Amino acid sequence: KAGVTQTPRYLIKTRGQQVTLSCSPISGHRSVSWYQQTPGQGLQFLFEYFSETQRNKGNFPGRFSGRQFSNSRSEMNVSTLELGDSALYLCASSLMGQLNQPQHFGDGTRLSIL
Amino acid sequence: QKEVEQNSGPLSVPEGAIASLNCTYSDRGSQSFFWYRQYSGKSPELIMFIYSNGDKEDGRFTAQLNKASQYVSLLIRDSQPSDSATYLCAVNIGVGDKIIFGKGTRLHILP
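Going down the list, the protein sequences come from chains A and B.
Last residue of the first sequence: number 129 in the working numbering, and the count goes up by one each step with no gaps.
Last residue of the second sequence: number 139 in the working numbering, and the count goes up by one each step with no gaps.
Treat the hints as calculated values from the structure; they're not laboratory data.
A quick note: this is a predicted structure, and the numbers were derived from the prediction, not measured.
Where a beta carbon is used, it is the ideal one built from N, C-alpha and C, also for glycine.
Any given hint could turn out to be false.
To be verified - Looking from chain B toward chain A, a few residues come up when the C-beta cut is under 7 Å (computed): (1) Arg56; (2) Tyr67; (3) Gly69; (4) Ser71; (5) Leu74; (6) Phe89; (7) Lys126.
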């Protein structure tokens, strides 16, 4: 069974640009969550999608947005990139949601802002 | 008080000994508790999850949950050098299915 797939693996952007990251969950998983990981702040929750609806949201500015498609694949968009957005962005999927089921993480997208 | 707190370490443990990792959380209503292991440069992988008070054992790993004291711990018996990693505690906090991660404890097993 294929795991969680994130593309691209690495990305370099400049300030002010926007970026779209993609996540394909494990087959059959309907919940997709996004996290930002930095050395200083650790793993921080961005948002969770379930059945194409955003079910939960963390404390990030509106520049961070996402969506989920009918096949459960999800995309995350960051607009007007700032230097502080440099981080590893991780996607995790679970069968029905974070609460009672473990999440399985992808390898992440490492975003660098110049 | 931070929502999920862990000692950042590093925690150094001799090979073959028991490693004890602790995590405290702020929300008395939390129901779901997870331990993830993350090797340097890799993504987190689930080790254990626990929902009820008490102990849950899986091989060399034991998760202990004490809801009254709001802490969850992970014991690793017969520690191996391959156990050297950062261990992340995750807890559901607040309303809805929002999982909050601690910043992790770096564990170093000394050969």
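The hints, checked one at a time:
1. The beta carbon of arginine 56 of chain B is not positioned within 7 Å of any beta carbon in chain A (closest approach about 16 Å), and the interface hint is therefore violated.
2. Against a cut-off of 7 Å between C-beta atoms, the interface hint on tyrosine 67 of chain B is violated, since the closest Cβ of chain A lies about 12 Å away.
3. For glycine 69 of chain B, the shortest C-beta to C-beta distance to chain A is roughly 9 Å, which exceeds 7 Å, and the interface hint is violated.
4. With 7 Å as the threshold, the beta carbon of serine 71 of chain B comes within range of chain A, its nearest partner Cβ sitting at about 4 Å, so the hint holds.
5. Annotation: interface hint on leucine 74 of chain B holds; nearest CB of chain A at approximately 4 Å, less than 7 Å.
6. Proximity of phenylalanine 89 of chain B to chain A is violated relative to the hint, the smallest CB-CB distance being about 14 Å (cut-off 7 Å).
7. Given hint, lysine 126 of chain B at the interface with chain A, holds; its Cβ is 5 Å from that chain's nearest Cβ, closer than 7 Å.
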